[in-house]
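Novice: Put together the whole structure using the sequences plus the hints.
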Amino acid sequence: MASPNVHEFTTDSWASTVAGGVVVADFWAPWCGPCRALAPEVDKVADQYAGKAKVGKVNVDENPDLAVKYDVQTIPRILIFKGSDKPVFEHVGIIRAADLARVIDSHL
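Residue numbers for the sequence shown, in my numbering: 23 to 130.
No wet-lab data here; the hints were simulated from the structure. Treat each hint with caution, since some may be false.
[Unchecked claim] Using 30 Å as the maximum straight-line C-alpha spacing, the simulated DSS-like pairs for lysine-lysine come out as follows:
no. : residue 1 : residue 2
1   : Lys74     : Lys104
2   : Lys108    : Lys74
3   : Lys104    : Lys91
4   : Lys91     : Lys66
5   : Lys91     : Lys74
6   : Lys66     : Lys108
7   : Lys91     : Lys108
8   : Lys104    : Lys66
[As the list claims (entries may be wrong)] Cβ-Cβ distance ranges computed for the label pairs, FRET-style:
no. : residue 1 : residue 2 : range
9   : His129    : Ser38     : 17 to 27 Å
10  : Pro109    : Ala51     : 28 to 38 Å
11  : Ala120    : Pro86     : 29 to 39 Å
12  : Val114    : Pro52     : 14 to 24 Å
13  : Ala24     : Arg118    : 29 to 39 Å
14  : His113    : Ala24     : 17 to 27 Å
15  : Arg124    : Asp34     : 30 to 40 Å
Heads up, the beta-carbon is just placed ideally off N, CA and C, and yes, glycines get one too.
Specialist: Next up, the structure:
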C-alpha cells in the first residue's frame with residue numbers, strides 16, 4: 023500500500039512543487055518492474071520526512087515533458103531539488119531508503 027505522504031507530481035503542479043524546500047521526485051512508470059521494487063523505499067522516505075521534505079512520484083508516461091526536461095531516459099530515477107527546478111542530486115535505479123535518507127539529510 024502506498025504511503026499517504028507520497029505526492030503525485032504533474033506538469034501542472036511542477037513549478038510550485040519545486041519552488042521551495044527539499045523535493046524528492048521518483049520518475050517512474052506503472053509497467054516498470056524496478057520502479058515497483060523501489061516504491062516501498064520511496065514510501066519509507068516519504069513517511070520519515072513528512073513535514074520536512076516533499077516526496078512524490080512523476081509518472082513519465084503521463085508527464086513526458088518533465089521526463090524530457092530532466093533527460094530521463096532510464097527509470098526509476100530519483101531527483102532531489104532544493105528551492106529551484108535544478109536537481110541537486112540524481113540516482114538511476116533502486117536505492118535503499120537509508121541511503122536516500124542520508125542524501126536528503128545533507129540537503130535539509
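Novice: Is the gap between the beta carbons of His113 and Ala24 within 17 to 27 Å?
Specialist: Hint holds: Cβ distance 20 Å, inside 17 to 27 Å.
Novice: Would the hint linking Lys66 and Lys108 be met if the CA-CA limit is 30 Å?
Specialist: Judged against 30 Å, a Cα distance of about 24 Å means the pair holds.
Novice: For the pair we were handed, Lys74 and Lys104, check the Cα-Cα distance against 30 Å.
Specialist: Status holds; Cα separation ~12 Å.
Novice: Can you tell me whether the CB distance of Arg124 to Asp34 sits inside 30 to 40 Å?
Specialist: Once the Cβ atoms are compared, 32 Å apart, the range 30 to 40 Å for Asp34 and Arg124 holds.
Novice: Check the hint pairing Lys104 with Lys66 against an upper bound of 30 Å on the C-alpha distance.
Specialist: holds, 20 Å
Novice: Is Lys91 within 30 Å of Lys66, Cα to Cα?
Specialist: holds, 27 Å
Novice: Quickly compare the C-alpha distance for Lys91 and Lys74 to 30 Å and report which way the hint goes.
Specialist: Holds, because 26 Å separates the two Cα atoms, which is no more than 30 Å.
Novice: How does the Cβ-Cβ distance of His129 and Ser38 compare with 17 to 27 Å: does it lie in that range?
Specialist: holds, 19 Å
Novice: For Ala24 and Arg118, compare the CB-CB distance with the range 29 to 39 Å and indicate the outcome.
Specialist: violated, 18 Å
Novice: Can the suggested window of 14 to 24 Å be confirmed for the beta-carbon pair Val114 and Pro52?
Specialist: Holds: the Cβ-Cβ distance is about 18 Å, inside 14 to 24 Å.
Novice: Given the hint of 29 to 39 Å, is the C-beta distance from Ala120 to Pro86 inside that range or not?
Specialist: Check passed, 32 Å falls within 29 to 39 Å.
Novice: Check the hint pairing Lys104 with Lys91 against an upper bound of 30 Å on the C-alpha distance.
Specialist: Holds: Lys104 and Lys91 sit about 17 Å apart, inside 30 Å.
The structure shown violates the earlier hints numbered 10 and 13.
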